[in-house]
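*Asks:* So the chains spell out like this:
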Amino acid sequence: MDHAEVIRSQMTEKYLLDELDSLERDAFEEHFFDCPACAADVHAGALFVDHAKTVLAEEAVAERHAPVPSHARPSWLSWFRPVFALPATAILLLVIGYQNAVTIPHLSHQLNTPQVLPFAAVNVGTYGSEAPAILTHPGEGFLVFVRIPPDAAFVRYTAELYDPERKLEWNLAFAPITGQDEYPVQVPGSDWKAGRYALTVSGVTASGESKEIGNAQFEVQVQK
Amino acid sequence: MHTARHTTAAIHRRCNYTASKPLTALAFQEAHFGAPQVVKCLPFSGVRETLLQFETFDEAYVERLRAGDPPTHAHFCSYFGRLIGIKLRSRLSTRDDIEDVRQETFKRFFVALQGGRIEYPDRLGSFVNSMCNNVLREHYRGSKDLVAAADEDEAMNFPSPAIDPLQEMSAKEVQQLVRETLEELSERDRRILREVFLEERDKDAVCHDFGVSREHLRLLLHRAKKAFRKKYEERCA
Ligand SMILES: [Zn+2]
Numbered sequence: 001m002d003h004a005e006v007i008r009s010q011m012t013e014k015y016l017l018d019e020l021d022s023l024e025r026d027a028f029e030e031h032f033f034d035c036p037a038c039a040a041d042v043h044a045g046a047l048f049v050d051h052a053k054t055v056l057a058e059e060a061v062a063e064r065h066a067p068v069p070s071h072a073r074p075s076w077l078s079w080f081r082p083v084f085a086l087p088a089t090a091i092l093l094l095v096i097g098y099q100n101a102v103t104i105p106h107l108s109h110q111l112n113t114p115q116v117l118p119f120a121a122v123n124v125g126t127y128g129s130e131a132p133a134i135l136t137h138p139g140e141g142f143l144v145f146v147r148i149p150p151d152a153a154f155v156r157y158t159a160e161l162y163d164p165e166r167k168l169e170w171n172l173a174f175a176p177i178t179g180q181d182e183y184p185v186q187v188p189g190s191d192w193k194a195g196r197y198a199l200t201v202s203g204v205t206a207s208g209e210s211k212e213i214g215n216a217q218f219e220v221q222v223q224k
Numbered sequence: 001m002h003t004a005r006h007t008t009a010a011i012h013r014r015c016n017y018t019a020s021k022p023l024t025a026l027a028f029q030e031a032h033f034g035a036p037q038v039v040k041c042l043p044f045s046g047v048r049e050t051l052l053q054f055e056t057f058d059e060a061y062v063e064r065l066r067a068g069d070p071p072t073h074a075h076f077c078s079y080f081g082r083l084i085g086i087k088l089r090s091r092l093s094t095r096d097d098i099e100d101v102r103q104e105t106f107k108r109f110f111v112a113l114q115g116g117r118i119e120y121p122d123r124l125g126s127f128v129n130s131m132c133n134n135v136l137r138e139h140y141r142g143s144k145d146l147v148a149a150a151d152e153d154e155a156m157n158f159p160s161p162a163i164d165p166l167q168e169m170s171a172k173e174v175q176q177l178v179r180e181t182l183e184e185l186s187e188r189d190r191r192i193l194r195e196v197f198l199e200e201r202d203k204d205a206v207c208h209d210f211g212v213s214r215e216h217l218r219l220l221l222h223r224a225k226k227a228f229r230k231k232y233e234e235r236c237a
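Chains A and B, in that order, give the protein sequences.
Those letters in the first sequence? Residues 1 to 224, by our numbering.
Those letters in the second sequence? Residues 1 to 237, by our numbering.
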């Protein structure tokens, strides 16, 4: 595959639009790994598409939901802002919110309504078997306020939630926030098993090294 | 020690969300509350971006790389880290998998480099690509060696593009350029992009609904990409 053919055949656009069969895709990759012009083009296109999703998601949500005046929300509820106060994570919620608002409108209504959620506060990096209890319902989410000792060596944290049988429920990567040692984690609803869940938090250094900071436990009590 | 790398397989089993499939109430709630694995699909606000900086790949470049020249090493990891990331994202579903394959590719590359096995410095990209293909094949076969090998030598971790030293523009700044680019499009074209990229609708169906051809879709992306690059380069200049 030569460069002129790539341009003529709009290979970058076809690649980004996932229009190539596997042989064409392999051949194009073989080309752009060696062709700086095509590599730059593919990279710029991928960057555009990635960020366009975020921008379009924001717009989609803005279109679907009338703005809520800021004074309409009690200020204390801002404490329960979704997950980590990370813009990208918030945007993720908007993306999913948009997609699902179309699919399940009645649930969307529920989730646009302020609600009080069960919560627990835990410390990572301290020893002890204390496990605060959370009373929840099947499928209901809750909040866990995770206190992590600040350490400037880490550029990223990863958190993993294990169920009482030590099976991984999920993991999550997030950025440290300077001056903050407590992160409100919004835990998705699940088919909870009653018992002790463990949250393991690791820090990742700039060189990519991962180091376990510690783990914390909480007791999930399920009300049927 | 638990790391994300160790647990990828379990995540596949447990967190199998697909935005386009019908959602149960439970899955909806899970998704709406933020299914952790989906976070990986969008750039973090703290991630800094830069367009690819090309350097001539030749014997001198390879020699600097072999000698451990920090700027060359950083350039290599940034340049090929990004290309590998783009290559892998249509093939692998999680950031951890992508990172595992990327790290292993780099590791094998540097072993080959030190072993004097870069025969054609001007085809460095092809060499990296074929090495990545090999690692990917092993990944598909479920080779446990990948994880074990990745943990053998912590000192051999290579910076992912998200934390490389060549970063110039924050994701927020890039988003602003993308926003400006999108604002220059017609309402119809913005809708098309939204349905194709955000809603991931079938492209033929989208084209049919909007009365445009697939060619129009490619042209639309081509123009938007071109306008975005221009803005980016102007901003950096
Ligand atoms: Zn080319």
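Do not take every clue at face value.
Claimed, not checked - Pairs of lysine-lysine, DSS-like flavour, derived with a Cα cap of 30 Å:
{"hint": "1", "chain 1": "A", "residue 1": "Lys224", "chain 2": "A", "residue 2": "Lys167"}
{"hint": "2", "chain 1": "A", "residue 1": "Lys211", "chain 2": "B", "residue 2": "Lys203"}
{"hint": "3", "chain 1": "B", "residue 1": "Lys230", "chain 2": "A", "residue 2": "Lys211"}
{"hint": "4", "chain 1": "B", "residue 1": "Lys203", "chain 2": "A", "residue 2": "Lys14"}
{"hint": "5", "chain 1": "A", "residue 1": "Lys224", "chain 2": "A", "residue 2": "Lys193"}
Note that these hints are calculated values from the structure, not bench results.
*Asks:* Evaluate each hint against the coordinates.
*Replies:* Going through the hints against the structure:
no.: 1; hint: A/Lys224 / A/Lys167; verdict: holds, 22 Å
no.: 2; hint: A/Lys211 / B/Lys203; verdict: violated, 43 Å
no.: 3; hint: B/Lys230 / A/Lys211; verdict: violated, 41 Å
no.: 4; hint: B/Lys203 / A/Lys14; verdict: holds, 12 Å
no.: 5; hint: A/Lys224 / A/Lys193; verdict: holds, 11 Å
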